[in-house]
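Peer 1: Residue strings, one per chain:
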Amino acid sequence: MVAAEGLAPTRSTEEEVRHCARCGLCLSACPGYRQSLSETDSPRARVALQKALREGLLDLSDEGVAEAYFRCLLCGACAFVCPSGVAVDRILEVAREELSRKGYLPDTLAELTSRILQYRNVAAEENADRLIWAENLVQPPTGLGKNSADVVYFVGCVASFFPRSYTIPQSFVQVLDRLGIDYALLGGSEWCCGYPLLLNGDVESARELIQHNVEAVQAMGANTVIFTCPSCVHFWRQAYPQVLQVDELDIRIQHATEFLADTLETNDVELGEMSLRVTYHDPCDLGRKLGVTEAPRSILRRMPGLQLVEMPENRENSRCCGGGGNLESLSPELSGVIAAERVRQALAVNAEIIVSACQQCERTLSAAVRAQHLRVRVEDVVQLLLKALEGIDA
Amino acid sequence: MPEWLAALKTTVGEDRVLDSPVDLVAYSYDGTFGQGMPAAVVLPETNEQVSAAIRTAGLYELGVVTRGMASGLAGGSIPTQRDIVISLTRMNQILEIDEENLTVHTQAGVVTADLQAEVERFGLFYPPDPSSIRQSTIGGNVACNAGGPRCLKYGVTGDYVLGLTAVLADGRILKTGGKPIKDVTGLNLRQLFVGSEGTLGVITEVLLRLIGKPKYVRTAVAHFPRLEDAAQLVKVTLKQGLVPATIELMDATAIACIEDAMHLGLPLDIEAILLIECDGLDEQPVQNDIETVAGICTECGASQVAVAKNEAERAKLWHARRSISPALARQAPNKLGEDITVPRSEIPSVIRSIKQVSVKYGLPVVIFGHAGDGNLHPNILFDRDKPEHRETVELMAAEVFKIALDAGGTLSGEHGVGSFKLPYMRQALGTTSLNIQWRIKQALDPQNILNPGKVILPS
Chain A
51 MVAAEGLAPT RSTEEEVRHC ARCGLCLSAC PGYRQSLSET DSPRARVALQ
101 KALREGLLDL SDEGVAEAYF RCLLCGACAF VCPSGVAVDR ILEVAREELS
151 RKGYLPDTLA ELTSRILQYR NVAAEENADR LIWAENLVQP PTGLGKNSAD
201 VVYFVGCVAS FFPRSYTIPQ SFVQVLDRLG IDYALLGGSE WCCGYPLLLN
251 GDVESARELI QHNVEAVQAM GANTVIFTCP SCVHFWRQAY PQVLQVDELD
301 IRIQHATEFL ADTLETNDVE LGEMSLRVTY HDPCDLGRKL GVTEAPRSIL
351 RRMPGLQLVE MPENRENSRC CGGGGNLESL SPELSGVIAA ERVRQALAVN
401 AEIIVSACQQ CERTLSAAVR AQHLRVRVED VVQLLLKALE GIDA
Chain B
15 MPEWLAALKT TVGEDRVLDS PVDLVAYSYD GTFGQGMPAA VVLPETNEQV
65 SAAIRTAGLY ELGVVTRGMA SGLAGGSIPT QRDIVISLTR MNQILEIDEE
115 NLTVHTQAGV VTADLQAEVE RFGLFYPPDP SSIRQSTIGG NVACNAGGPR
165 CLKYGVTGDY VLGLTAVLAD GRILKTGGKP IKDVTGLNLR QLFVGSEGTL
215 GVITEVLLRL IGKPKYVRTA VAHFPRLEDA AQLVKVTLKQ GLVPATIELM
265 DATAIACIED AMHLGLPLDI EAILLIECDG LDEQPVQNDI ETVAGICTEC
315 GASQVAVAKN EAERAKLWHA RRSISPALAR QAPNKLGEDI TVPRSEIPSV
365 IRSIKQVSVK YGLPVVIFGH AGDGNLHPNI LFDRDKPEHR ETVELMAAEV
415 FKIALDAGGT LSGEHGVGSF KLPYMRQALG TTSLNIQWRI KQALDPQNIL
465 NPGKVILPS
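Taken in sequence, the protein lines are chains A and B. Residue numbering for the first sequence follows this note's numbering, starting at 51 and increasing by one per position. Residue numbering for the second sequence follows this note's numbering, starting at 15 and increasing by one per position.
Excised from the complex, chain B in its bound form (with noise of 0.2 Å):
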């Protein structure tokens, strides 16, 4: 056994370390079709395992991948031979809920619709809702800073992140942050763990605001047979200063998708599809705010406009949004999905020139998203056992990035940076920008261990 091997297995624990041939084969992979094989896995459960764990890396020069359930969409917890995976599964207590000040204390390995189930007992709520609720943990959407469709009424994981608990490149456990809501004492450390993607520490406990629960949902679909006017909507509806929770869009690329695959008699000679929800604490305001929606969007050129009266309708109008995913999967093997951000005002152009770079290179691309806040999911489609397909992928995503940066946009909403997003990072961000972001890096790991060529390189 190497000696690396054995410290790790002295330090942290030997039933607490996976080495064998399929243990690797099982971390060597995330939400995407990338793939690296660790040179071992460690299964930690308290923060002190965590440290030596890292220690041990540091002293033997491994790099660290931390990894909840690995659903990341980036390439962020893919690790290569010279590194050893921090899986946090096995940290998945809630610590405290506390119905006082509203928060919840919890290890970061809690899947965080578990989490989300939890808090709700207490007529509590959590609100990013990620669409991999079910299988991310909340310290995999800190260190992302996740979003979802929710996020444009209540914000992204982030807003909700009064402290964290995080394990430092030597071991130092470093805890920041805590149950006061205004807190300008010294620099924000904890926002500077949020979205670091486990390069500038491994977050093991994160507390985080809560509010009380909506209890009403009501929901509008509304089809557009022009994408502008789509758009129109989301600016009329926000100007108003009414805020739904969600404004999904499906353009015509999905809802071709969806069509071809489940056959729900869409319309297929539409732009788009916006799926519209407002929620609150009493039934009458949310049903006025529906039914004022559902009245813009017929103003704005609507063709159809449906608002579901019971939780059976909403079912029924959510079923075209929830079949994306299986219906991608019907037609190709693999894909590229992408989370660029633009302004608002930005995409039905967006749309169009993305459109025009599926006709170039041939392969399909199919456009989802969260309206409200201008963040595109363009998936290409392909099949990454054909070589071509694969340089073609690339190509292609080069030129999404370019639209979405020329438009004033960004890079990445939700998914984060990972390994999948370097190579674009200098024309995003600009000299200066990688060059501060790598010396807060040095700052933190001089000895770079900590996720290892992700996010931030050298400059």
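The following block holds chain A by itself, in its conformation from the complex (with noise of 0.2 Å):
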């Protein structure tokens, strides 16, 4: 119940429900239902199945219903536009956790939340081997082996154990060691963050995982954890603290391109010439969700030569690459064309390059690019960061 408690409540969601005024502008943002094109994926219907549930016209046992709330990306789009307030992104989480709670979680979902609480991360790899994608670097990088730091960086699962995403964790230690960063890696001792269980509804299985990492970056004597995935930087900053129950957790909680765009501009960096035309994603868990939109493109700004390119939906109002909700688990199909589309967004204003700041939005989006066979590159700001680095030397 902690997500249902826990995220910025302010009416109930029975409060919340008897308030959509169902006027159907939510459907326009939903790239859920864009793509699908049946009101049974949509936003309204998922709030007027809340309202059948209790007016005991359905049960949470009919065929669908499950269905119907996890093939959501919970990109919280909808709960943005919404003209009537309503917090259709807590109605949903709360019908997740309803539904986990009462055992209609989908089989695939249901695995990766064992996988999880086995592994300690969602690849179910050994989760001692967090620091592969280090092995191949020319350089160490400095924050290997490390006991003590100023400044933690917690990789996430996916770029740990994902071999395609391996680029992201590499290209941003290696900024930081040209920056002369203070920085250590967790390794074994970092554990998944509990996001996907927020997405499977089931936040309190995550409490073992909350605490544990809370108290390895303490061990670490760090007054500041960055990440280079949103989502994780989304549920440290939202949910941690309502797990723990504290106001604040007492370090610093930030994503990379926020830690970088000040570490820029405090000490003036420069960077080398980038001749490139780029458009910029904004990852739902950073943009709409966190609200920094500002922070990656003022890196992107710093780089001599580079134009960027705004996608008419962008900032807030930003659709989400595909990769939102675990829909990807189960329904790679919808998923996939999600990403297709927001490719074709950035294809439409001609940029060479989609720069995102998420390593599920580069793989999402990039899956969709090799899919379709299109020109187009899908980096993270890390990755040109450290080439705009590197320029300067060369």
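No wet-lab data here; the hints were simulated from the structure. Virtual Cβ for every residue (Gly too), placed ideally from N, Cα, C. Any given hint might turn out to be false.
To be verified - Below, a sample of chain A positions facing chain B; criterion: calculated Cβ distance under 7 Å: (1) 71; (2) 72; (3) 74; (4) 113; (5) 115; (6) 213.
Said to hold, decoys possible - Output of the computed footprint for chain B on chain A, the stretches with three or more beta carbons under 8 Å from beta carbons of chain B: (7) 86-100; (8) 133-147.
Reassemble the complex: the two chains are provided individually, in unrelated frames, and hints are given to aid placement.
Peer 2: Encoded structure:
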């Protein structure tokens, strides 16, 4: 019930449901609906289903009920545009929580939960192997094997275990080293942040992970923990204090782009020429949910020659890449067409590179680019920044 | 599986028919608080599939309720257990943009905002702008003859319909109209379907007239201590031959509602705010026009007039108007939004009468609308979970309609009749008109399967 009580409740979810005017504006913002074009896949329907469940028109066990809530990205776009101010995102989280608690979690997602609880990561890999990505760097990262540091870099499961995403932590540690930052990597002491469990409606099971991670960071004597993963940072900022029942953690929690934007600005760091036309894709957890939209852009704007063009749906209005909400595990097809649509939007503004600040966005969008044989690259801000820093030396 | 359902799945394709309890709930409502579970839902992609669905419905005496994104405000696309819903959202292809003849030919399920954006890429303009533009389809707009703020200058949806394709009750596919601007060859069947709300046929394609896109827009906002002076501004401006694109009105109830919810610093001692926009091809004439209107505002008694100098200021001026919906939602869980239209000269007296209805019954009514064309949106705020509210709302709506009709007005300017306004149709139109409408309905739909129980009743 932590999610239900946790994320800034102002009205009960019953009250939220009652305030839906059924105007349908959320359909225009919902990436899932815009691809499936069936009302069943819409936020408005998910709200209406809650009402129907309460009125006894439907039962949780009815075919399609659980699917309706898990075939959703939890990207939050619906709640953001709702003119009635209905917290649709909260309704969706609470619905998942109830389904999960009563045993209606879809099998693929239930497997994910048990994987995380058993292995402490989403990949069902030996958790001690979290730093394999660091092994083939020319210069070993200075953050390896430290017992104390000001800053901890929390790598996150996907970047730690999925080889296609290795470039992100590899680039980021090189950036940190070039900027002379005193940081540490946690290796096997880093556990899954717990966010996938929130998506599965089971934050309670994340308690142990949360306590462990906070202790691991504190054991380093760090005052700051940095993330390249927007979902980790979002979860740390919003759920960690609630689960631990404190107003705020005694640690500064920052996304890599926030940390880097500050550092570049403070130290007036010079960057090499990057003659590229890029567009920036705001990850939902970073942009819409945490309001971090300008830090990544300010890093890009520091790069001489780089032309930043915006897609019409940008910043808080960004359209999800298709990788949110564990949808990928449940319906890879829907996730894929949503990603393809976002890539199409980037191509429409003639971008050479879609820059994001999230390994999940990068993975989902790259997969769509490959599947459709399109001519556009997908890179993380830290990858471009590393090249721009190297450009100065060259 | 019932025989009719098996037949439906065979004729239109199994993957295009939804019948799970979850799907039926998802297709049970529109943009109102009304609700009714359908028998099944069909998501066709071609005219032939629509035709097959209708034929099957006819065979098994089921009703056919057509919908797009179901943002209607009159219950027009709410089904019953004896209806199948045809959702046209997957018929969303723009078939042709003709830059020579300035037309667009499109399937009915295209979202109106998407259609507008697409033609604008060619420097063309589709003017109708219902406030549901992002959550309504062009087919729904045509079927309800949707309006919007810009209609003062540019006219309503029907004014842009050159032709359409409709699937009839017997499954035949009718194509009517075409690219010629003038066409008096026989009866104007296409306009018969405009505003018919799915009762005469299922509109699957439309051919729309486009115009060149006006390049400049200038916006002004004026505060009027007296409602009569705001009405005077409309009259004087139009009489001078100056036609703004938009003259939006917020009355004291709307101003108070917005201020209460949003704290924008709006004055609470005035009776009306008007938001006026002029547009055109060249900057200077548009600027001259808005300044002329601003001058007339002052002459008519406005206490304050502001003209936006740029896009940021324009957005600021629109902020209050755009805040109405969110503000309403914060006041009460439910609202009944009507769209009576009255002769412009009657606006002040009609607003005063509606306020008396609010006082009499004790539920708040918030009034705003399109002052330029006499189209008012009195929104009655209530809580559907309180049974006494539901009764009161009915009584209040009846009185609002009577006020409009007594003033020489009409029940609906742009939302349509649906099922919500049926009880007032005789009062509004009289027996002869209703009888003719029913006979037209019978001629096209003798079995009464197309949106039964909506708009037109046996007479």
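Peer 1: Now tell me if each hint is right for this structure.
Peer 2: Hints and how they fare:
With its C-beta approaching chain B no nearer than about 6 Å, residue 71 of chain A sits inside the 7 Å limit, and its interface hint holds. For residue 72 of chain A, the interface hint holds, the least distance from its beta-carbon to any beta-carbon of chain B being 6 Å, beneath 7 Å. Proximity of residue 74 of chain A to chain B holds as hinted, the smallest CB-CB distance being about 4 Å (cut-off 7 Å). The closest approach between the C-beta of residue 113 of chain A and any C-beta of chain B is roughly 5 Å, which is under the 7 Å cut-off, so the hint is satisfied.
For residue 115 of chain A, the interface hint holds, the least distance from its beta-carbon to any beta-carbon of chain B being 6 Å, beneath 7 Å. Interface hint status for residue 213 of chain A: violated, as the beta-carbon distance to the closest one in chain B is roughly 37 Å, over 7 Å. For the region 86-100 of chain A, the stated coverage by chain B holds: 8 residues have a C-beta nearer than 8 Å to a C-beta of that chain, and at least 3 were required. Interface restraint, the region 133-147 of chain A with chain B: holds (4 residues with C-beta to C-beta distance below 8 Å; minimum three).
Hint 6 alone, counting from the list given before, is not met by this structure.
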